[in-house]
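Engineer: With the sequences and hints as input, model every part of the structure.
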Amino acid sequence: MTVLRETWIVFHRQMRLSLRNPMWSILMLSQPLMYLFLFGPLLKPLTAQISQGQATNAYQVFIPGLIVQLGMFGAMFVGFGLIAEYRAGVIEADRVTPASRMALMAGRVLRDVVVLVVQSILLLLAALPLGLRAPWGGVLLSLVIVALLGATFASLSYSVALITKSEDALAPLLNGIAMPLLLLSGILLPMQIGPTWLQRLSDISPLKHVVNGVRALFRGDISSSASLWGLFWVVLLTVIGLAVGARTFRKESA
Amino acid sequence: MMIEARGLVRTFKTKRGPVEAVQGVDLEVADGEIVGFLGPNGAGKTTTMRMLATLIKPTSGTATVAGCDLAKDPVGVRRGIGYVPQSGSTLPEAIAGDEVVDHARLYGVPKAKASADGQRLFEEFDLPGLWRRQCKTLSGGQRRRLDIVMGLIHDPKLIFLDEPTTGLDPQARANLWDHIRGLRDRGATIFLTTHYLDEADALCDRILVIDHGKIVASGTPENLKQQVSGDAVRLSLADTTQAPAVMKIVRELDGAVEVETDAEVVCFRIQRGGSVLPGLLRSIDAQGIELHGVEVHRPTLDDVFLTMTGRSLRDEAIAAPADEKEEAVA
Chain F
1 MTVLRETWIV FHRQMRLSLR NPMWSILMLS QPLMYLFLFG PLLKPLTAQI
51 SQGQATNAYQ VFIPGLIVQL GMFGAMFVGF GLIAEYRAGV IEADRVTPAS
101 RMALMAGRVL RDVVVLVVQS ILLLLAALPL GLRAPWGGVL LSLVIVALLG
151 ATFASLSYSV ALITKSEDAL APLLNGIAMP LLLLSGILLP MQIGPTWLQR
201 LSDISPLKHV VNGVRALFRG DISSSASLWG LFWVVLLTVI GLAVGARTFR
251 KESA
Chain E
1 MMIEARGLVR TFKTKRGPVE AVQGVDLEVA DGEIVGFLGP NGAGKTTTMR
51 MLATLIKPTS GTATVAGCDL AKDPVGVRRG IGYVPQSGST LPEAIAGDEV
101 VDHARLYGVP KAKASADGQR LFEEFDLPGL WRRQCKTLSG GQRRRLDIVM
151 GLIHDPKLIF LDEPTTGLDP QARANLWDHI RGLRDRGATI FLTTHYLDEA
201 DALCDRILVI DHGKIVASGT PENLKQQVSG DAVRLSLADT TQAPAVMKIV
251 RELDGAVEVE TDAEVVCFRI QRGGSVLPGL LRSIDAQGIE LHGVEVHRPT
301 LDDVFLTMTG RSLRDEAIAA PADEKEEAVA
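Keeping their order, the protein sequence lines are chains F and E.
Positions 1 to 254 (full-length UniProt numbering) are the ones given, in order, by the first sequence.
Positions 1 to 330 (full-length UniProt numbering) are the ones given, in order, by the second sequence.
By construction, these hints were calculated from the structure, which means they are not laboratory data.
This one's a predicted model, so the numbers in the text were calculated from it and none came from an experiment.
Once the Cα atoms are required to be at most 30 Å apart in a straight line, the calculated BS3-like pairs of lysine-lysine come out as:
#1 Lys214(E) to Lys225(E)
#2 Lys157(E) to Lys72(E)
#3 Lys251(F) to Lys15(E)
#4 Lys57(E) to Lys214(E)
#5 Lys111(E) to Lys157(E)
#6 Lys57(E) to Lys165(F)
#7 Lys15(E) to Lys214(E)
#8 Lys136(E) to Lys111(E)
#9 Lys57(E) to Lys72(E)
#10 Lys72(E) to Lys214(E)
#11 Lys157(E) to Lys57(E)
#12 Lys13(E) to Lys165(F)
#13 Lys15(E) to Lys57(E)
#14 Lys13(E) to Lys72(E)
#15 Lys251(F) to Lys72(E)
#16 Lys165(F) to Lys72(E)
#17 Lys251(F) to Lys57(E)
#18 Lys251(F) to Lys157(E)
#19 Lys13(E) to Lys251(F)
#20 Lys57(E) to Lys13(E)
#21 Lys214(E) to Lys251(F)
#22 Lys165(F) to Lys136(E)
#23 Lys251(F) to Lys165(F)
#24 Lys113(E) to Lys157(E)
#25 Lys214(E) to Lys157(E)
#26 Lys214(E) to Lys13(E)
#27 Lys165(F) to Lys214(E)
#28 Lys225(E) to Lys248(E)
#29 Lys165(F) to Lys15(E)
Structural biologist: Quick look at the structure:
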């Protein structure tokens, strides 16, 4: 119970700080919105081809990719905020309190997840007038996946930030990881339309399976193998991400 | 005993190989004492303090801090101590009062009590009207006092202050010293690090001098200064040809050492220079030698450091860029 209370205190502080300076969250949202409005229309005439007849409109293919992208990139760079806090001495000040190390991380991750889910909902609402149609159940489950994905990448980002303690080291590292993850995930276009070798390569990336899962959920195939694999991978990633994060927060102190 | 440490060692892995930042420190701090850790940058002060505050694990050694075992009950230690780090403890964008209340709540202090205690401490530490201000709008001195409020908010028995006045202007330093002395009246025990001699001299009941990860001397400031070979006495001569005669008189004094002259001035060191002086002046006068002036300098902690390590602390402070935060690969 104490851990939950401490998590709440840390979350509350982080949330208040985010709300005081919402620019970051707004900027994070502007990127998927730009994809939605400036890139989405290009896909419309290609709907039948890229969804191989499975989807009725382009946004059913495209929006799942965008919310997964939001979950991943929105959370991936939260480590920078932690480095700013570290530099200001806040992490050290947190650590001399008897609060659980897990709570110090979980409170921050929770803030990131809440921000991501709100952003995803806004994105979905923006896509409605453009012709997005998807079943409620599938959309709700997709939001859960986005939340878990966000928790994973936020924990990993905090971990790396705590270990490197330097923006100069963190920036190239994150970008180096983000680029291949994005390209091999089929977020922008489904990998099925690519050549076989690229498809095989993308099979390695768990994110591709997550994106495919969310696409299946948006089509309403909740019990399809694609959506089950997507769920499986996202849960596995979350367990790994949180374990690594918790370990780092514990290890960096006595 | 508020702190009792035995054989504390901390080794850091660096790119150039392992570095022993702290090499077997034993120390004891009694309840209600203000104890200062004096040494140049990189001497191991901050590392030792961070070990005692549960922020890093000792490579070896044991310690009891605020009644709890450092290794077995770090949470108990954390409950009993307040730590004011050198780097600060608040986010520049955050509201000062919010930071204080949230910090207190992580110690389990209820929100309303944290807010009331925090505002009272703001008054006590000359921060009136700053409760709702962004931390970055505070002056350097105010931010240090805010850090101290953060460290005190759960009413700890033992307070660690890491270089409390580094980077402050002289007025803000003097003001902070008054506040630190005031902490003693709360019944708190204070353990601070500093590389300022005057600070250690002005604040501490007891000083531990640390160099290259080892404690090289400890005692009260007075006590330590007496370990130096006494006060420095300078006699300025009216007639430079009389220097040998004055040298002879000085050498006959009991306990006079380091007797030197450059013809115009005769210098030496002696314990309790002030009490030796009247007799000395009479002897000089009896031989018809005229003096231009007499000066007696009490030894400073810099002299102590020089005697203990063969190096001046002042030179070290300027020359040593080696910084204790070089612990990236801990």
